[in-house]
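So the sequence shown is numbered by UniProt numbering: it starts at 1 and just counts up by one.
Just to be clear, a hint being listed does not mean it is correct.
List time: in silico DSS-like cross-link candidates among lysine-lysine, alpha-carbon distance up to 27 Å [as the list claims (entries may be wrong)]: (1) 394 - 358; (2) 433 - 358; (3) 263 - 191; (4) 409 - 89; (5) 263 - 273; (6) 89 - 269; (7) 316 - 409; (8) 192 - 269; (9) 89 - 273; (10) 400 - 358.
Honestly, the hints are just simulated from the structure, not real lab data.
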Amino acid sequence: MDSALTRTRRGIVCRRLWNTNPQQKRGSSMKRIWIVGLMLLGVLLVAPQAMAEEPFKIGVVSPVSGNYGDHGALERAGMEMALKDLGGKILGRTVELEVLDSESNPDAAARRARSLIEKDQVKVLVGGVSSSVGMAVGAVAEERKVLYVCTNGNSDELTSAKANHYQFRVGASMAALGRAAATYATNNLGKKWFYLTHDYSWGHSGTRWARDVMEKTGATEVGEVKVPLGTRDFSSQLLQIRNSGAEVLMITCAGFDNVALLKQLAEYKIYDKMKVVYTLMEYVDMYPLDPDERQAYAAVEVSWNENPKMEAASKKFEKMFPDAAAPVMDNGNYNGYIAIMMINEAANKAGSLDDVEKLICAMEGLEITNNLRAQPSYVSPKTHQVLSTVDIVKANPEGKGLNIWDVQKAYHASEYDMTEEENPVDVSCGAQK
C-alpha cells in the first residue's frame, strides 16, 4: 500500500509539473518548464559533487597486538602521514582508514580482511607485517577480487609461489635484502658463516638468499640454528654460535624476539668473536638499545638519514607522532607511507578509485615519484614487487640521539631481486587476457 501511494504521489507530481492545461496561458506553462529544467540541471550538477565527496574507505589489516604490534603502529602512522601530505583526499574524495587487528596471526588476519570487505565494502586493503599474514590477506583479496597492497611482508613467496593478480608488495623481497647483505659481508667481513634463522617462511627466505651468495663467492657455512616465533631466551643458541669458529653470524630475525636477541648478542660477547650481519633490520628494534648493544651490520629498506628529503620527512614524522616507537622514517612507517602514495598515483593514472581492475593495471609499471628517495620506485608488472634502494648500515655505539647507525653502501633492489629464471611468475593484466 505504501509503495503504491508513493508511486501515485510521484505520478501526480509529474503531471502537475509537465501536463499542459489548455486553459492556462502559454507563458505560464513555459515558465513552469523552465523552472523544472533548472531544477533538473541543479540535480545533475550536484550529483557528481556528492559522489566525489563520498568517503573512500581503505581497509587496514595490521597488528595492534602480537609479536609485531609496535611495527603495526608504525605502518599505520606512515599511512596517516601520507594522507596528511595528500590533504586527506585521493581524486577529490576523503579517504578513511578502517583498521582491524591482524593479531600477527594469519587466520585472524584473513577473518579481518573478510570483515572489511563484507561489512565495510572496501575495495582496497593494505597492511601486513609478517609474510604469513600477508599471504593470508592476499588469498582473501584474490578470492573477493579486491586490491591488496602488502606493506611489510618480505618473504619471497609473496611475489612468487603465492603471488596473485590482486596482490602487490611494497617491502623489498628477501632475495634483494638477503643478497645485498651477503654481498657486503662476503666482500668486507669474512668467509666462514653461521646462520640464525626465524623458523617460518620469512626467516627461511633471508637465509636462503644469503646462502646463495655464500655458495657463489667461496664463503663456507659452519652451522645454522632455527628459532621459533616467540623465542626470548637465546642462551643455548648463542653458546653454540660463540664456539663455532664463524667469522660472520648471518641473522634473519625480527620483532620483539629480535630486541631480546640484540641484547643477548652483547651479553654473550658474540661481537668479540665475529661480525654480526642482519638480512633485515628495523630502526625500531635497535633504537631502544644501550650503546654497547648496537654493533651489528644490517640491510635496511630505508635509512632515515640517506638523503635530505628523508631527513625532512623524519622530522615531520617525529612532530606528528612524538610517542612513536621509532621517531624517524623506518622500514615500517616508510612502507605504510609508500602504500598510500602508490594507491594515489595509480588512482590518478587510472582516473578511478572504484574500478579495482583499472587500479591494478595502473599500478603495473608505475614509477612512484613521491617516494622521498633519490630515484623513483618502480612496480614490476609481472610480479607486483615494488623495487627501491636497499641500504647497508653499520650500527654506531658512539652515536648520539637518532644517529644509531651509518650508511655503508646502497644497492638497488633491481640488481638483487629474483630474476625471471628464478621466478617466472606473471600475474600482470596482460597475462590475464
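Pair hint residue 263 and residue 273, alpha-carbon separation not exceeding 27 Å: Status holds; Cα separation ~16 Å.
Satisfaction of hint between residue 358 and residue 433, Cα-Cα up to 27 Å: holds (14 Å)
Satisfaction of hint between residue 358 and residue 400, Cα-Cα up to 27 Å: violated (48 Å)
Restraint status (C-alpha distance of residue 89 to residue 269 at most 27 Å): violated (51 Å)
Satisfaction of hint between residue 273 and residue 89, Cα-Cα up to 27 Å: violated (53 Å)
Distance restraint between residue 409 and residue 89, which requires alpha-carbon spacing of 27 Å or less: violated (37 Å)
Residue 192 paired with residue 269 [C-alpha distance capped at 27 Å]: With Cα atoms ~18 Å apart, residue 192 and residue 269 stay inside 27 Å; holds.
Pair hint outcome, residue 394 versus residue 358 [Cα-Cα no greater than 27 Å]: Outside the cut-off at roughly 42 Å; violated.
Pair hint outcome, residue 316 versus residue 409 [Cα-Cα no greater than 27 Å]: Measuring from Cα to Cα gives roughly 25 Å; hence the hint holds.
Restraint check for residue 263 with residue 191, where alpha carbons must lie at most 27 Å apart: At roughly 25 Å apart (the allowed maximum being 27 Å), residue 191 and residue 263 satisfy the hint.
When held up to the earlier numbered hints, the structure conflicts with 1, 4, 6, 9 and 10 and fits the remainder.
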